[in-house]
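S.K.: Here are the chains, one letter per residue:
Protein chains: 2
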Amino acid sequence: MISIGIDLGGTNIKVAIVDQKIGFLSSTSFPTNADLGKEHIFDSIAKKVKELIKEHDVKPIGVGMGLPGMVSLDRRTVKNPPNLPGWKVENVADEIEKRLDLPCVIDNDANLAALGSARFGVGEHIDSFIMITLGTGVGGGIIFKNKIYRGTTGSAAELGHVIINYHGPLSNSNTRGGVEAYLGQRFLSRFAADTIRQNTDNSLYKEFHTDFDKLEPVDLSKAADEGNELAIDILKKTGEKLGYAIVNYIHVLDIRKIVVSGGVAKAGKWILDPARDTAKKYLMPPFLEDFEIIYESLGNEAALLGAASLAFEELS
Amino acid sequence: MISIGIDLGGTNIKVAIVDQKIGFLSSTSFPTNADLGKEHIFDSIAKKVKELIKEHDVKPIGVGMGLPGMVSLDRRTVKNPPNLPGWKVENVADEIEKRLDLPCVIDNDANLAALGSARFGVGEHIDSFIMITLGTGVGGGIIFKNKIYRGTTGSAAELGHVIINYHGPLSNSNTRGGVEAYLGQRFLSRFAADTIRQNTDNSLYKEFHTDFDKLEPVDLSKAADEGNELAIDILKKTGEKLGYAIVNYIHVLDIRKIVVSGGVAKAGKWILDPARDTAKKYLMPPFLEDFEIIYESLGNEAALLGAASLAFEELS
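Residue numbers (my numbering), protein chains in the order written: chain B, 664 to 979; chain X, 664 to 979.
Just so you know, these hints were derived from the structure itself, not from any lab. Since this is a predicted model, take the numbers as computed values, not measurements. Some clues are possibly wrong.
[Claimed, not checked] Under the rule of at most 16 Å between Cα atoms (straight-line distance), these lysine to aspartate or glutamate pairs were calculated in the EDC-like manner:
#1 B:K920 - B:E952
#2 X:K711 - X:E760
#3 X:K742 - B:E952
#4 B:K742 - X:E952
#5 X:K929 - X:E952
#6 B:K684 - B:E976
[Stated by the list, open to error] A short, non-exhaustive set of chain X residues, derived as facing chain B with CB atoms under 7 Å:
#7 T815
#8 A819
#9 N828
#10 T838
#11 R839
#12 N911
#13 E955
#14 I957
#15 Y958
#16 S960
We put the CB at the ideal spot given by N, CA and C, even for glycine.
Based on the provided sequences and hints, a complete structural model is requested.
M.R.: Right under this line is the structure:
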């Protein structure tokens with residue numbers, strides 16, 4: 664069985680042909696050009712999908728699409744997606760269907776990253792897990808009994824906006840001291856820059872002091888790999904924050920497998936080890952059984968595979 | 664249809680005959696005498712149930728029992744219940760069945776308080792809600808789509824141990840800065856005493872300074888009702904902590920109806936109004952729609968009615 668997976672982001676759109684057993688048959692990416700407006704986006708998606716179908720001579724059963732923002736429970740409408748300026752309440756499924764003559768279903772991209780991991784990634788053999796995506800922001804998806812847990816309206820798993828310190832910094836949302844305010848890429852970079860500024864003899868100061876905006880989490884993990892104690896400490900403090908958040912997710916949900924994905928997670932053991940240690944310290948003892956943090960290496964492809972999987976599951 | 668509901672606590676055991684449509688037909692309470700051991704507890708429960716059945720001449724379909732502690736997914740075994748010294752992993756359902764010749768099912772008492780509210784209380788017309796019980800500790804239960812959400816092992820909704828401030832005080836569990844460390848009765852009383860000690864001209868100081876151990880949340884709400892600004896402020900700060908925790912529950916679960924029950928909740932608007940205001944301030948805007956905090960007046964009877972309801976649902 665074959666479907667089309669689409670990942671509509673603020674910067675790029677990814678389109679793939681996916682075989683339910685094999686995975687990707689083909690995938691491509693092109694700029695969103697969000698400033699050219701909605702119609703342009705839908706038209707360019709439809710054009711690309713038609714090209715791919717023709718080129719590979721396949722008969723997909725339908726289209727699954729992931730995008731940022733809150734998606735209705737019927738999986739057709741998105742509400743105020745961030746990074747897509749001018750979008751309000753948009754029936755994306757209608758727009759795609761009328762251009763492609765294929766059924767379409769949409770979902771939040773973090774939910775679909777979780778589904779992609781469940782069908783094609785490390786989540787394949789885990790019945791229930793919590794997916795945390797560490798990127799520009801901190802997002803999440805919950806797989807419970809092999810299905811996406813959506814809550815009452817489809818907006819569950821706003822995991823980046825779970826408060827771990829009510830005295831903490833404000834993030835993009837209203838929330839104060841949410842975990843995104845520590846692990847979101849911008850926040851982590853700012854925290855790192857503030858710390859490095861106070862250590863003028865550190866190699867990271869020498870490398871970045873003329874332009875700290877260039878400092879990215881990957882620079883910290885590289886320095887940590889080279890034994891830079893300051894970088895190790897910055898990443899450790901960051902990982903600890905993730906650990907507190909994980910305690911909260913597990914105490915609410917009683918789901919003990921944590922799958923971590925995304926750019927910041929590439930700082931690997933420097934963040935995930937302290938997260939694991941902190942969670943172990945503060946979890947109630949019964950939850951330690953079966954507790955595990957697992958790195959998902961599918962990266963951005965998880966959401967694309969999840970989008971195609973959604974089509975398999977809801978349109979076939 | 665009629666069942667037997669039992670609420671096994673560390674201090675008292677409550678037993679009731681419950682009609683699925685009417686509610687209580689009869690209920691009684693007697694001391695647990697936990698120090699006399701398990702056998703004594705099971706024997707005294709069986710004796711009381713037999714008496715009630717004979718007295719009221721009913722044919723119950725089975726027995727549902729709530730107790731503190733973590734209950735297995737098959738709803739027969741409890742693990743290390745706090746307040747029941749000497750209990751390890753105990754097959755409570757077996758013990759009751761062999762004494763009563765009636766099928767038995769057990770669950771965590773906070774889960775059953777939620778189920779009791781869903782069947783006989785303010786939760787009756789709410790499809791999904793989060794029940795928070797504010798008593799000696801802070802407990803919880805989650806009703807999702809009209810059923811108890813149990814997580815992967817039956818231990819979900821440890822809502823008192825959700826961290827709102829990782830710098831915060833330790834509570835009974837391992838967790839630091841969990842909401843129980845602010846709203847648990849002992850913690851609230853201690854915080855109140857510390858605050859009142861610094862205000863020697865306040866009427867609460869005059870009333871309690873010889874023995875602050877006697878200060879209970881109800882004294883604070885009484886003083887607040889009389890216009891005592893210090894009491895109002897103590898309860899406000901406490902309610903705010905609950906508000907942060909509620910933000911966390913809702914951002915994870917996307918369940919927007921909060922049902923609050925228990926002794927501390929009797930401080931009523933002095934706690935719940937600040938909780939509501941704080942949650943509204945820090946919830947992501949889409950979650951404000953349908954958000955509501957509701958007081959459950961069933962009190963301790965919620966768990967007893969929930970126990971009987973569990974029997975209706977799992978044994979009939």
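S.K.: Now tell me if each hint is right for this structure.
M.R.: Results for each hint:
no. : hint            : result
1   : B:K920 - B:E952 : 10 Å, holds
2   : X:K711 - X:E760 : 14 Å, holds
3   : X:K742 - B:E952 : 14 Å, holds
4   : B:K742 - X:E952 : 14 Å, holds
5   : X:K929 - X:E952 : 26 Å, violated
6   : B:K684 - B:E976 : 13 Å, holds
7   : T815            : 5 Å, holds
8   : A819            : 4 Å, holds
9   : N828            : 5 Å, holds
10  : T838            : 5 Å, holds
11  : R839            : 6 Å, holds
12  : N911            : 5 Å, holds
13  : E955            : 12 Å, violated
14  : I957            : 15 Å, violated
15  : Y958            : 21 Å, violated
16  : S960            : 24 Å, violated
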